[in-house]
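Okay, here's what each chain looks like letter by letter:
Number of protein chains: 2
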Amino acid sequence: MQSPIRKKILEAFAKGEGKFLSGQELANQTGCSRTAVWKHIEELRKEGYQLEAVRKKGYRIIQTPDKVSESELLIGLETSMLGRNIHYQQSVDSTQKIAHILAQEAVPEGTIVIAEEQTSGRGRMTRKWHSPKYTGVWMSIILRPDLPPHKAPQFTLISAVAVAQAIGEIAEVDAEIKWPNDLLIKGKKVTGILTELVAEADKINSVIIGIGINVNLKKEDIPNDLENIATSISLESGQTISRAMLVQRILLKLEKYYKVYIDEGFYPIKLLWESYAVSLGQDIIARTINETIYGKALGITDEGILLVKEEDGKIREIYSADIQIQS
Amino acid sequence: MQSPIRKKILEAFAKGEGKFLSGQELANQTGCSRTAVWKHIEELRKEGYQLEAVRKKGYRIIQTPDKVSESELLIGLETSMLGRNIHYQQSVDSTQKIAHILAQEAVPEGTIVIAEEQTSGRGRMTRKWHSPKYTGVWMSIILRPDLPPHKAPQFTLISAVAVAQAIGEIAEVDAEIKWPNDLLIKGKKVTGILTELVAEADKINSVIIGIGINVNLKKEDIPNDLENIATSISLESGQTISRAMLVQRILLKLEKYYKVYIDEGFYPIKLLWESYAVSLGQDIIARTINETIYGKALGITDEGILLVKEEDGKIREIYSADIQIQS
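Residue numbers (the numbering used here), protein chains in the order written: chain W, 1 to 327; chain B, 1 to 327.
In case anyone wonders, no lab produced these hints; they're calculated from the structure. Hints may contain errors.
Note that the list lumps identical chains together, so a pair holds whenever it fits in one copy or between two copies.
Claimed, not checked - Listed below are the simulated BS3-like cross-link pairs for lysine-lysine, each with C-alpha atoms no more than 27 Å apart in a straight line:
(1) K309 / K218
(2) K128 / K256
(3) K314 / K151
(4) K309 / K151
(5) K46 / K7
(6) K151 / K203
(7) K188 / K203
(8) K219 / K203
(9) K8 / K218
(10) K203 / K296
(11) K57 / K46
(12) K186 / K219
(13) K314 / K203
Remember, predicted model here, so these are calculated numbers, not experimental data.
All chains should be modelled from the sequences, with the hints used to inform the complete structure.
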């Protein structure tokens, strides 16, 4: 976690909007001595900030490091609730696991866990998720909606819409949603979403949304056995993406659609979701825990459940599955 | 946690079935010196064990302390899975919270968390559960059934049957089940069960069953505002109950019925449950999160959901509620 003083210094620069701030101004705003300010400025340089120092004018930030630490995320964050409490670490086993543990403490709704690297990142069905350092968004979000447990899977769809829109706006590349929890660019996976539920019989205690996004992975960062099915945003868009900006945009979108969902129900989200969905109307193979279902993907219900019409005309409700589009 | 050597000594006594064991025999079985054995015997005395020492014969245990520590629970435990991994502490905030955290680690199915005291024990809807020291069973059990999430509430009913039977056998007093999660003796509450779920969309990761039982609470241990609605097993049966034996019996019953449930489904459990149920056929008031429903409790479905017939004949399905029997 970043020191509170350095956080204050970065906030002061953020408020200054690119202007020079003198050592004395920074000392006033942080409540420490000018010598202490100078030491913290040196620490920020070590963390990857490029700071210009001009005599009689002071300091200004020229470039922030490509990190997703608390200070990078808080500067410019436009949400009121999501991401206002950030648990950032360089390296974790799994952000999802840490979020589950935090959910047992009294952390506020909207708390996020984010790391530069996961050593045991996990996806649906405890599958591994490859999460190399400084290249992706490896994040878990704690929500506490006052809803019954069967609503939880809808959060995968709400999150998918938020992430697809954020990718479109920040990277200017189209991401499509493959039900239930994958985002694709040009047919290859860039994002997985894992929604987990902690609940009593009739009441959600927490929904923990894990979001893994391949942002700036290079070809060599993608394991060989995945190279035909996985890609990264930068590989497809041809540019390096600011992960912090992407996270900020995702949080803003998710907060917005979470509010829409709570106020107006799932229907408006469903319409948005359908506009990004890739598998609807297609012949698919759906592999669930128990069976394999062949048929046409008709759409999703108001609960977010996939409807598949089998060859004999029977309509099946699918809660979660691996979907393969038949070509 | 008890020292591994003392655990071995207690296991040796358990195997010896009341016979004397010499210091040398204990040294052989534990792999330490006779001096070390002697020191551990003194420690056991401090923990409340009464040990008889007879020259040339050795030691034997006359009485074990009324604790629910690992060694007390393991000696005589007849289960193969439940309670084979025990996290015991003198005092915890909440066994349920610790179990949630352990569930995120790779602890084996059947792991239990048990404590002599909870400082922030909790029941359904984050209500407080009063859990004074050495007087009750404050325990959480981690199961990992391969089932869809909507099955989780059934574990409250399976557990209720196990606890009701165990109380009947150990304390020789009849406990009745009040749907969904309370056990009563003579109309007053002695047990609460809190089943919590950790899940993905279509798959349970863990079911965490919290069981709180007022075992040996005296009148003065029960808060004034609860004295008309709560009691303890010993207050109703007139005898002090071995908490360790009660826990062992609960674990044995629960393991048995869990297996029945997995092998044969909920129906046989439902029949058992109905034989202990107090509210069926009665006019009740059911207060759910959202509303208050008046009607006759008809029974439970094969999913464990309560069916209530309202005055206009409409039948309502209730997932969880506070039930009051109309008199």
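We went through each hint and held it up to the structure:
no.: 1; hint: K309 / K218; result: neither (39 Å within a copy, 62 Å between copies)
no.: 2; hint: K128 / K256; result: neither (30 Å within a copy, 34 Å between copies)
no.: 3; hint: K314 / K151; result: both (25 Å within a copy, 25 Å between copies)
no.: 4; hint: K309 / K151; result: both (23 Å within a copy, 26 Å between copies)
no.: 5; hint: K46 / K7; result: within (15 Å within a copy, 52 Å between copies)
no.: 6; hint: K151 / K203; result: both (10 Å within a copy, 14 Å between copies)
no.: 7; hint: K188 / K203; result: between (36 Å within a copy, 26 Å between copies)
no.: 8; hint: K219 / K203; result: neither (44 Å within a copy, 33 Å between copies)
no.: 9; hint: K8 / K218; result: neither (34 Å within a copy, 55 Å between copies)
no.: 10; hint: K203 / K296; result: between (34 Å within a copy, 24 Å between copies)
no.: 11; hint: K57 / K46; result: within (22 Å within a copy, 71 Å between copies)
no.: 12; hint: K186 / K219; result: within (16 Å within a copy, 70 Å between copies)
no.: 13; hint: K314 / K203; result: between (33 Å within a copy, 24 Å between copies)
The structure is inconsistent with the numbered hints 1, 2, 8, 9, although it conforms to all the rest.
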